[in-house]
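Colleague: Chain by chain, the residues:
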Amino acid sequence: AQTVTQSQPEMSVQEAETVTLSCTYDTSENNYYLFWYKQPPSRQMILVIRQEAYKQQNATENRFSVNFQKAAKSFSLKISDSQLGDTAMYFCAFTINQAGTALIFGKGTTLSVSS
Amino acid sequence: DSGVTQTPKHLITATGQRVTLRCSPRSGDLSVYWYQQSLDQGLQFLIQYYNGEERAKGNILERFSAQQFPDLHSELNLSSLELGDSALYFCASSVEAGNYEQYFGPGTRLTVT
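Order-wise, the sequence lines are chains A and B.
Position one of the first sequence corresponds to residue 812 (this note's numbering), numbered consecutively onward.
Position one of the second sequence corresponds to residue 1025 (this note's numbering), numbered consecutively onward.
Looking at chain B on its own, in the form it has when it is part of the complex:
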């Protein structure tokens, strides 16, 4: 157990809908990263937050957004969902923005039908 929690574990929704994925980092970690794992694209970095502020952006679509709250949990919002958004979404956390040892949560499996 990495100490990073993600909810829900599984999510099935229809095209065009909006969903929110939640992540709680390890105790003491200030930085949260979101990654998407799909069969064709592999593991891709989406976005990073550090202590409530956006720190880095990767291949995140405009339909996707995220935030980190004062209690350091983070939410990833996916809207206008398409079939291609079906993937495993991971949250990872680290102590600092520049701490390179990232610990991953169990992931949320999103299926868009």
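Isolated chain A, as found in the complex:
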């Protein structure tokens, strides 16, 4: 069975600083996808970034980038130049490359950005 672990329940960072959120996963599959979703106080789930396991290059979306270490089964999210609007719960999610499979989520990390 696949599992996703986020070991940091809470993190805090000052505006303009960089923060890294950790995620590890466990799977015997070789072809899968990883995601980071953001859930702000509004509770909306927002897709932040996606990484295909077959791609060696780390995904980047503006201030958000990932460090994907396939052998270590690690998928961390780096947020650069943190902004107050980044305050949210962040979920790491995993799914295998097979029709009929859904996202498996970690427990989430609450990130607080302060001025």
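Simulated from the structure, these hints should not be mistaken for laboratory data.
Be aware that one or more of the hints could be misleading.
Derived contacts from chain A toward chain B, CB cut-off under 10 angstroms, selection only [as the list claims (entries may be wrong)]:
id	residue
1	837
2	843
3	853
4	902
Distance windows between CB atoms, simulated [claimed, not checked]:
id	chain 1	residue 1	chain 2	residue 2	range
5	A	828	B	1089	45 to 55 angstroms
6	B	1044	A	867	26 to 36 angstroms
7	B	1089	A	883	36 to 46 angstroms
8	B	1029	A	842	30 to 40 angstroms
This one's a predicted model, so the numbers in the text were calculated from it and none came from an experiment.
All C-beta atoms in this analysis are idealised placements derived from N, C-alpha and C, irrespective of residue type, glycine included.
Assemble chain B onto chain A, guided by the hints.
Modeller: Structure of chain B alone, referenced to chain A:
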């Protein structure tokens, strides 16, 4: 705005009752997923439909059922409600059954009293 709509936003009902949650996927998306988010269980997958057919089942209780209609909107029916069913219910959609980029609706907050 993800393009996925859910109604109602909030629902308060009593134990033993039945409710229906509605979801309209993004234009062009054929696949709909339902998730439950509760404080103790986190985000859990309930069920998936693709183009009107059930495609995958997760931790969905027998008291819960869902369907996807020809216009691709989906409904999640929750019956014999218990206090523990209080949660945020999300619908997500994707283009295909195997398209792994899922876009979430705003959720329905269900409170069972």
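Colleague: Evaluate each hint against the coordinates.
Modeller: Hints versus structure:
{"no.": "1", "hint": "837", "in the structure": "16 angstroms, violated"}
{"no.": "2", "hint": "843", "in the structure": "9 angstroms, holds"}
{"no.": "3", "hint": "853", "in the structure": "8 angstroms, holds"}
{"no.": "4", "hint": "902", "in the structure": "7 angstroms, holds"}
{"no.": "5", "hint": "828/A / 1089/B: 45 to 55 angstroms", "in the structure": "48 angstroms, holds"}
{"no.": "6", "hint": "1044/B / 867/A: 26 to 36 angstroms", "in the structure": "46 angstroms, violated"}
{"no.": "7", "hint": "1089/B / 883/A: 36 to 46 angstroms", "in the structure": "41 angstroms, holds"}
{"no.": "8", "hint": "1029/B / 842/A: 30 to 40 angstroms", "in the structure": "32 angstroms, holds"}
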